[in-house]
Amino acid sequence: MSATPTQNVSRRDFLKVSGGLVIGFTLAPRLALSQDRLPGSLEANRMLDAWLRIEPNGTVTIFTGKIELGQGIGTALAQIAADELDVNLQRIEVVYGDTARTPNEGQTAGSLSVEQSGTALRFACAEGRDMLVSAAAAKLGVPATDLRVSDGTISAPGGATVTYWDLARDTDFKRQATAKVKPKPPAEHKWVGKSIARRDIPKKFTGGAAYVQDVRLPNMVFGRVVRPPSPGAQLLSVDEAAARRLPGVVAVVRDGSFLAVAAEREEQAIRAREALTRSARWKEAASLPPTGEALYRQLMSSPAPGDTVVEKTSSVAGAPVKTLEALYTRPYQSHGSIGPSCAVAQWQDGKLTVWTHSQGVFPLRADLAKVFGVKPQDIRCIHAEGAGCYGHNGADDVALDAALMARATRGRPVKLQWMRDDEFMWAPYGSAMAVKLSGGIDGQGNIVSWSHEMWSHPHSTRPGSSAGVNLLAARHLAQAFQPVLPADVPQPAGGAARNAIPLYDFPNVKVVKHYIAEAPLRTSALRTLGGYANVFALESFVDELALVAGADPVELRLNHLKDARGRAVIEAAAQRAGWQPGLLGDGTRGRGFAFAKYKNLACYCATVADVEVDRTTGRVIVTRVVAAVDAGQIVNPDGVINQIEGGIIQSASWTLMESVRFDRTRVTTRSWSDYPILRFTEVPEVEVVLLDQPAERFLGVGEGAQGPAAAAIANGIANATGKRLRALPFTAERVKQALA
Amino acid sequence: MANFTLRINGETKTVSVEPDTPLLYVLRNDLALNGPKFGCGLAQCGACTVLVDGKPARSCVTPVSTAAKGRITTIEGLGTVDRLHPLQRAFIDEQACQCGFCGNGMVMSAKALLDRNPRPTDRQIKQTLNGHLCRCASHNRIVRAVQRAAAALRAEARS
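As given, the protein sequences belong to chains D and A, one line each in that order.
So in this note's numbering, spot 2 of the first sequence is number 2, and the numbers just go up one at a time.
So in this note's numbering, spot 102 of the second sequence is number 102, and the numbers just go up one at a time.
Any given hint could turn out to be false.
Below are the BS3-like pairs computed for lysine-lysine, each with C-alpha atoms no more than 30 Å apart in a straight line [stated by the list, open to error]: (1) D:K436 to D:K736; (2) D:K180 to D:K203; (3) D:K312 to D:K322; (4) A:K126 to D:K562; (5) D:K436 to D:K510; (6) A:K69 to D:K736; (7) A:K55 to D:K203; (8) D:K139 to D:K203; (9) A:K13 to D:K174; (10) A:K13 to A:K69; (11) D:K723 to D:K322; (12) D:K180 to D:K190.
Some chain A residues flagged as far from chain D (calculated, every beta-carbon gap over 10 Å) [said to hold, decoys possible]: (13) R7; (14) E11; (15) T14; (16) N29; (17) I92; (18) G100; (19) L133; (20) R135; (21) A155; (22) E156.
These aren't lab readings, by the way, just hints derived from the structure by calculation.
As the structure is a computational prediction, the values presented were derived from the model and not from experiment.
All C-beta atoms, glycine included, are put in the ideal place defined by N, C-alpha and C.
I would like the entire structure built from these sequences, with the hints used as guidance.
Dropping the structure here:
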């Protein structure tokens, strides 16, 4: 058995996959300078004071380059810091992504915040505590090992005390972290592992200033953008003068095909937007793909050659006696954030400040600097929360819109708010995908061959790449900045091929990727990237083979899985749900199983979905989902449950209802009536079982449930009705057709 | 422009705006209230919900001239961080959100429900909130929070 890396897998990635981690990193050029590799994001941000400050007045502040987006990251990071520092949780202030104040941790994405920022803060705080305790030992004349710390007060056995705040002035964190101080063992954790209430929630339910929409600056004006009616449309003419005469209008910006307006009052800006929309004439072209099955035929006929992601062969395994092939499809899907994107921007003396809900303030700054031809240091991007964010939505784009508008308002700050149709038509989509599975079983019912081939557009076109500008308005300007067609996210995490390599021990495996960089609709990161479609297809196909083999789906999975932690979550989910091997649905009710380890690198998640199919209407209701999760050491159990619950229900919504509508020229999804999502009466009950692993490292959890939930629903429908659905979403119309 | 005197959260406030201005922009921009949110501007998602004379209203499509005829309550009028209304307390205790952007509407519609039905079933809560969208999918927590608040309000009424 051998794993064959291809040209798509960099040497370093290959070494990571194949266990050559140390060798891989010692080859990296910067480590030739004999610096030790530091854990998590400490590696790229090595100064202790970048992460931690302790002031004589008793405040403790931690700095993270990650941002809060309702996933509870601020609370989890504070828990980690409080434990390492031995201070009360309430004492800790958290500063999120701010290019003037925090470390650069790239994007808040990939379920990596606890892994990267949490790990960095853990080591930085352990080291900070060690420095303070050493200083106390010198001051009190007692060995450091005899000292105890409680909420920043260091006590000697004889009763003498000194506090962090006494020592703060003379303890210099302006030095390189060493990560030599070992963090606490789990048994000594007071905060980590507890369901601490999130610190961002109270203000959200009392009208506190919680979001970028709540930023109000003196003399601020309100902006709106007038987007083209279709991708690639060019502005021919517009009556700017008429718009300028409207009540309250402060400025109209027209630059190429970029059009925006600012007014004294928000409703005036909306009126002016409507007037500009009415008078604008555009040149449009039919650039969009066909819909329905033709969409996938076109995708699969694109000339992108197939890259082999992995190929392994076995001479030991027997030949298949039965083979099967199936094609699964996933449409373009929208983030559908409840609040459209928004930003506040202000220019003062040639310097720009932007309040943004971007997931990456530093990458955003880099792209803004290119557009405005200024140094990155002349731009400050400050995180302020937006509405729920499930990947690369319009957050970065609206920041550029606001900054462009603010150039025309003579120093007055602009709050630019996208309207609902801006968000649905222009925020990047999760890419449509086609996934072809084939496989075979031997005479004993074992899966002996497996092939997974997928076609996909990009899953990450975020700002901050070395060339080009990946901000929407930049491509509409007269002096346009073109976006770069990005390479796919490399393995092992993968983009299009995320989770395409089965975790199961099949003897013959081939995974092939067709990555089509040029996309007719703008695509980028939507929660799990390609993982949702790949897990949906892979885990559906396991069930299809189980049916052919006459095997129970759970049994078949366990028969092919050596990974002990994977087996444990499968067994836990099956047990909690009361899985009965071989139980068939009754025509309307059924139950499906699915499993994945997110990215093959992060949390393990197994799900059991109970579904009910109305055979007359074709409507599918998911009544209950049980999930079992292993996320390594758990910082905040309720936080993990919240992410998994939300992931399951959101995935049920994607799976049953969601696809972006368009004709050959325009996106026709404009409002919620064009893009229905799951509502209260359609939401399943969810039960989450956590398998805590206090001795293991953190495994990201935020995206762990999307793929397994989709496949469990598909498998549940097949179990209930005997019909296999392979084209997402499973709308009532489609299900009815399948059952006819 | 015309003057409108709004009776809001137990106070009166006068604003000078066009009569057809959606109430939402007056609340957010003239009165600096953060509670009601702009979500769609189309009365589809519920994030902007306030109470007018105790009934839920979508402030993004309610003209200020209409709203001025009634008594307006926003989430700020229910309670503060230091003096939480049982609904606010319950949403916090149940950690009933991720991003929380829909939360304002959930709380305000739940308030109207509990005012007329102190002992709703889960089904009634879901039906009441069915016109509110939540994208992070905190639905089950929200239903639990409303039940928790209902129980707290009943206990309050007994004492």
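Right, here's what the structure says about each hint:
1. D:K436 to D:K736: holds, 24 Å
2. D:K180 to D:K203: violated, 39 Å
3. D:K312 to D:K322: holds, 20 Å
4. A:K126 to D:K562: The hint is violated at about 43 Å.
5. D:K436 to D:K510: Roughly 12 Å between the alpha carbons, so the hint for D:K436 and D:K510 holds.
6. A:K69 to D:K736: Given pair A:K69, D:K736 is violated - Cα atoms ~49 Å apart, limit 30 Å.
7. A:K55 to D:K203: Status holds; Cα separation ~24 Å.
8. D:K139 to D:K203: With a Cα-Cα distance of about 42 Å, the restraint between D:K139 and D:K203 is violated, given a limit of 30 Å.
9. A:K13 to D:K174: Distance of about 51 Å is beyond 30 Å: violated.
10. A:K13 to A:K69: OK: A:K13 and A:K69 at ~13 Å, within 30 Å.
11. D:K723 to D:K322: At roughly 20 Å apart (the allowed maximum being 30 Å), D:K322 and D:K723 satisfy the hint.
12. D:K180 to D:K190: With Cα atoms ~22 Å apart, D:K180 and D:K190 stay inside 30 Å; holds.
13. R7: holds, 18 Å
14. E11: holds, 14 Å
15. T14: holds, 16 Å
16. N29: Incorrect as stated: the minimum Cβ-Cβ distance to chain D is 6 Å, not above 10 Å.
17. I92: violated, 5 Å
18. G100: violated, 3 Å
19. L133: violated, 6 Å
20. R135: Per Cβ check, A:R135 is inside 10 Å of chain D; nearest 5 Å; violated.
21. A155: Non-interface label stands for A:A155: nearest chain D Cβ at 20 Å, farther than 10 Å.
22. E156: Non-interface label on A:E156 holds, nearest chain D Cβ at 18 Å vs cutoff 10 Å.
Checked against the numbered hints above, the structure violates hints 2, 4, 6, 8, 9, 16, 17, 18, 19 and 20; every other hint is satisfied.
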